Amino acid sequence: MEQLLQVNNLVTQFRTAEDNLTAVRGISFSVNKGETLCIVGESGCGKSITSLSLMGLLPSNGSISSGSIKLNDEELTSKTEEELRRLRGNKMSMIFQEPMTALNPVFTIGYQLREPLMIHRNMSKREADVKALDLLNQVGIPDPKKRLKQYPHELSGGMRQRVMIAMALACKPSLLIADEPTTALDVTIQAQILDLIDDLKQELDMGVIFVTHDMGVVAEIADRVMVMYAGEVVEVGEVEEVFNAPKHPYTKGLLASVPNVDDEFHQLESISGSLPNINEKIDGCRFHKRCPLATDQCREQSPPIFSVSETHQSKCWLQQEVTENDKSTATS
Amino acid sequence: MVSLIIQRMLQLLLLLVGISFLVFMSMHIAPGDPASIIGGPTASESDLEAIREDLGLNEPVLVQYIDYMKGVFQGNLGFSYQNNQSVTEAIITRFPNTLNLAVASMIVAVIIGVAAGIISAIKQNSWFDVSSTTFALAGISIPNFWLGTMLILLFSVTLKWLPVGGLSAPFYTIEGMKQLILPAITLGTASAAMIARMARSTMLEVIRADYIRTAKAKGVKQKSVIWIHALRNAMIPVITVIGVNFGALLGGTIITEQVFAINGVGRLMIDAIAARDFPVVQGTVLLVAALFVIVNLIVDIIYALIDPRISYD
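From first to last, the protein sequence lines are chains A and B.
In terms of our numbering, the first sequence is numbered consecutively and its last residue is 332.
In terms of our numbering, the second sequence is numbered consecutively and its last residue is 645.
Quick caveat, the hints were computed from the structure, so don't treat them as lab data.
Just to be clear, a hint being listed does not mean it is correct.
To be verified - Pair by pair, the computed Cβ-Cβ distance ranges are:
{"id": "1", "chain 1": "A", "residue 1": "146", "chain 2": "B", "residue 2": "540", "range": "27 to 35 Å"}
{"id": "2", "chain 1": "A", "residue 1": "61", "chain 2": "B", "residue 2": "357", "range": "57 to 65 Å"}
{"id": "3", "chain 1": "B", "residue 1": "493", "chain 2": "A", "residue 2": "63", "range": "44 to 52 Å"}
Said to hold, decoys possible - Computed cross-link-like contacts, PhoX-like style, restricted to lysine-lysine with a CA-CA straight-line distance of at most 20 Å:
{"id": "4", "chain 1": "A", "residue 1": "145", "chain 2": "A", "residue 2": "131"}
{"id": "5", "chain 1": "A", "residue 1": "131", "chain 2": "A", "residue 2": "172"}
{"id": "6", "chain 1": "A", "residue 1": "91", "chain 2": "B", "residue 2": "455"}
{"id": "7", "chain 1": "A", "residue 1": "79", "chain 2": "B", "residue 2": "553"}
{"id": "8", "chain 1": "B", "residue 1": "553", "chain 2": "A", "residue 2": "125"}
Note that the structure is predicted; figures quoted are calculated from it, not measured.
Glycine included, every Cβ here is placed at the ideal spot set by N, Cα and C.
Next up, chain A with everything else stripped away, as it sits in the complex (with noise of 0.2 Å):
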């Protein structure tokens, strides 16, 4: 599969009064073309950081401040601002969480729809008109042309969440982020919203980066995973992989903590402590307080990334003993 987006060692830091805070520390992943991953972790681990350090829309005391991320060869981290507009909306696109407020209250369906074909395509008003009807069609609106005329607040949230797919599809993006788009919505909206994104990724060929906490999305819509923990990668691989057999404790205490209809005698686990504070000082991993299994090393010293498969990758001491044991029974 061909690849579409290259994050290596994404460092993004936050200005503050006091201190410069590290929300994302030096991340790398990437993304294939037509390949969903999905980007999973608790509030504040970084993750919607993560996208809009991508799509360069880091709020204004933020930045990216080494690292480099790679959409289709171009490099992204060194675009001027200017560059990176022409981009976003273009190549690039993003949906988010709350459609109630995610498009704008006095400006009708029709002009927002419009806009990104004006400004990217170069199309007329009337031409942008056409077009538009065609995306209300495909993200499946029904009665688009009336839609057009309507202002955001007499539609629906799952009507709203559809115009907002539109909008980011309109110019055909090869890169789709996602930020929870389905939180917000009602559970049978959230299966057909999970269900367009997926029909209409498959028809533009797109990349899907899915930021979700919910595993149960994941599950449905994912190709690869991505687990982050405070700022980090913790875990990463396909889907069936992680699901299956889950390496970095934080990754199972996470599959632990859904709950499963299923199984009558399912314990629902959850990870006790929370979320370390974004400017705490952690030695060694930044896991081990709330690791049931966490050793002195993991205390003392952070640890690298090792590989479980070739697709697979666990930040995780215990991942080490594992890798070696496997080494020596190769050797022997």
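Position chain B relative to chain A; hints supplied.
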């Protein structure tokens, strides 16, 4: 929309009846006898009695009020005690001056206030922001009779660039504009300051809104993000402030007209109060109250035009 206008007009009617009653009563309760002012210091008691009889001031106050209101509903605001001129006529000759002054001040206030507020917000904590918020605070705090006097001292007396006072030339001539500049700045400064503060704070809120991030994510140019996507949303609360200030400006012309010797409704009112000229006081107060209500009605209509979520049907 039509039902809103009808409803507001009925409210206006009730309001005017209420205000006229209050003003009428307070004028009669307040010390000071119009007859002695008209008759002058040498008038005898019988002269005064004759004047009172003539003006109907000997009737019970309530009867006087009902008589007055009968006239008002027939479009007759009564006659001035001082020169027997019709009150309607006195207002009509002076009102254009007041309106010119109020509109010119509002234009000054809106242009300066909105621009300063928005630039402050998008360049938050810059030197522009700091100086503009400082000026805004000063603008609200400075009394306008003092500001007017200082402007006259500087621009008219010392530099001799602008006339000291008066408003004789029509506003569309160069001379008229020269005459309007200082009074408009004097009257508009406080409003400009209030508008700037409101524009800044709503703009700060709006540029952090989700839909602004969406617009950026679509690749909309920064200029359009601010002046199209954000501005229209930020204007909604600013329009309220503009409306309230415009109403207040019409009342505020009283002092400015006095400072710049402008023959407007404000001066008419002040002179009438001093002379216990009841019909003129009544007429001018009713005019200002009615304008206040009408301006606010216009503001409500503008709301519906800017914000599609507001509908009066």
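Cross-check of the supplied hints:
no.	hint	verdict
1	A/146 to B/540: 27 to 35 Å	holds (32 Å)
2	A/61 to B/357: 57 to 65 Å	holds (60 Å)
3	B/493 to A/63: 44 to 52 Å	holds (49 Å)
4	A/145 to A/131	holds (11 Å)
5	A/131 to A/172	holds (12 Å)
6	A/91 to B/455	violated (30 Å)
7	A/79 to B/553	holds (16 Å)
8	B/553 to A/125	holds (17 Å)
Comparing the model with each numbered hint stated earlier shows that hint 6 is the single one that does not hold.
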